[in-house]
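Participant: Make a model of the complete structure from these sequences and hints.
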Amino acid sequence: MRLYRCLASVTVAVAVVLSAPYDAKPYARGAAGEEQDPPPFGAACRTSIEGSHVVAHCHNPYVDVDRVRLHIECDRWWDLDTDSAPVDAEPAMTVRLTGRCWMEVRSVWISHQNRGS
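Mapped onto mature numbering (1 follows the signal peptide of the UniProt record, and there is no 0), the consecutive letters of the sequence shown carry residue numbers -24 to -1, 1 to 93.
Be aware that one or more of the hints could be misleading.
[As the list claims (entries may be wrong)] The calculated label-pair distances, taken between Cβ atoms and stated as ranges, are: (1) 80 to 13: 37 to 47 Å; (2) 11 to 61: 28 to 38 Å; (3) 64 to 31: 10 to 20 Å; (4) 69 to 14: 19 to 29 Å.
It should be emphasised that the hints constitute simulated quantities derived from the structure, not laboratory data. The C-beta atom is built at its ideal place from N, Cα and C for all residues, glycine as well.
Facilitator: Structure, rendered in structure tokens:
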């Protein structure tokens, strides 16, 4: 009976330790291996479509350079989809990207690449 009580308390203790969240464990992260959040990154972009023409304005409020590209998917199967040349949005800079389809535009999006500081 004594062995059963000891085994029960050990089982409960192991279950409590294993169910604790990762951040609650005091040994989970040491001072030297402290993880930091990455610095904020990415230009804020607005796109507008008028007929077959697309215009995007991207403003980069952060320190790292953001290389942005405009991607346009055209609606017609024979109309070629286009990708703009990459443009570096420097810190506190707004860049303008343009493109078009021959006919209707199906969708547009902006891709971002971190160029570092």
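Participant: Against this structure, judge whether each hint is valid.
Facilitator: We went through each hint and held it up to the structure:
no.	hint	result
1	80 to 13: 37 to 47 Å	holds, 42 Å
2	11 to 61: 28 to 38 Å	holds, 36 Å
3	64 to 31: 10 to 20 Å	holds, 19 Å
4	69 to 14: 19 to 29 Å	holds, 21 Å
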